[in-house]
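Visitor: All chains, please: the whole structure from these sequences, using the hints.
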Amino acid sequence: MLAIVSFLGFTILVAVIAYLSTRKTNENTTDGYFLGGRSLTAGVIAGSLLLTNLSTEQIVGLNGSAYSDGILVMAWETLAAIAMVICAIFLLPKYLKGGISTIPTYLERRFDTTTKAMTSGLFLSGYAIVLLPIVLYSGSLAISGMFDLPGKLGISEWASIWVCVWSIGIIGGIYAIFGGLKAVAVSDSINAIGLLLGGLLIPVFGLMAISDDGSILGGIATLTAEHPDKFNAIGTDASSIPFHTIFTGMVLVQLFYWGTNQQIIQRALGAKNLVEGQKGLMLAAFFKILGPIIVVLPGIIAYHMFEGQLERADQAYPKLVAEVLPTAFVGFFAAVLFGAILSSFNSALNSCVTLYGIDIYKEYINKEAPEKLIVKKGKQFGIGLAVFAMVIAPFLYYASSGLFGYLQEVNGAYSIPILSAIVIGFLSKRTPAVAVKSGIIFAFVVYVAYIIMSRGFGVEWLPHMLDMQAITFILTMLLMLIIRLVKPRETPYIQEYTNEVDISTWKYVKPVGIAITLIVISSYIVFS
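For the sequence shown, position 55 (counting from the first letter as 1) is numbered 58 according to my numbering, and the numbering increases by one without interruption.
Hints in this document: simulated from the structure, not taken from any laboratory. There may be inaccurate statements among the hints.
Subject to a maximum C-alpha distance of 27 Å in a straight line, what follows is the list of computed DSSO-like cross-link-like pairs (lysine-lysine) [what the hints assert, rightly or not]:
1. Lys365 x Lys379
2. Lys510 x Lys275
3. Lys155 x Lys322
4. Lys432 x Lys513
5. Lys370 x Lys97
6. Lys440 x Lys490
7. Lys382 x Lys370
8. Lys382 x Lys432
9. Lys100 x Lys375
Only a predicted model underlies this, so the values are computations on that prediction, with no experimental measurement involved.
Guide: Shown next as structure tokens:
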């Protein structure tokens, strides 16, 4: 009962604070609803970035990978910090200069409306079919297991998944659809603090549990002495992340996710000015370096505690939590985890509403629509999309193996085409729209063919998914450059400054970025 009370108390507290923080934001305008009135500060941006990224599929999935492969999977976390540095220094200034609300809007201005429609369609398809259902399902598994809902409610695990999916979906939908970006960002910031505190409890209690003297340092000494192979960041070619892939597809995955993914970058687009946006990204990058403590170390602790005998690696984190977390903390931790689940769900949903309202409805359905109507139609679309995801998510119960790896692999079907378009748009002022549209189609077809061959037909000689993403990216860039040479744009593209926000650069952005990059490199030197 104490666990349930503390769970409800913390969850309601977050909702009340988010409501009070958004009362004065005019959400009948597109900037007010989709970008929080362009008023987000560094702390809010950083918290929202971290919570949007960190959810149950990340916590459970990465710790499961660490259980199998050890610390080398920290690449998913630490290299993200470098990607955020690149975004803060090179990408965000261009985005804010153009005053854009969505990434496809930039591509429309750089190329044409068809390019915008294609990228918006890719984003919406990826979020609706893959991301939203997986976030709901993985979150439901965690909450159902933590509170033992099947036992307490006297229902089957399948039924408890349905209950959790719809509970998370409805609450997350209320935040995202009726609260707008600012409600999402404020609730994320509060939950980020809780997640950092709650997430740190698990490795702390875990290390104390496996230590001979009950201390944290004793637990670390035990792990490094008995499992030195788990602390090798280089790994082998048989690892889930071969070391060479850090320099191929991993770079592209991180650049797309932190620099061009609408779900993520929308927080920085809502910054009150460039300085706040850059500070927010750098703050998030610093905390991302510490991410392995929450999403990698517990997996290694679980490997030692359960002697590597778990049936599935993804059981590592839930079983470790059940084993080491004191009962008094269960409600609080469940509330924090619930907040992380909501964050990933409502952030993706809010981005879908934004993409549909601005890039689809305004452009193709009602060009003369006033801003209030655009917001209204976006909300209606969001409600339909949320229901769609809630119906699909429970059926992942019958395909639960390898969800994290599946998510990373399938994401390439839309991440590589979109990233290719953004990169060529920034680097080449004379590349025409026809080149980018051809490149988007080419990259999508090639990578989907790879997924079908590897997943559907089990072809074994295919390259690693990260290598394949790099190969697809390079071939796509070459195709676009060839078309550019044959049929270049008549005049070079010049981006106009819209004066939406002040784009003066934070004077410390480069020194801080260099420091963060050196810390990441040092972590690989230490664990090699």
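Visitor: Failing hints, ascending?
Guide: 8
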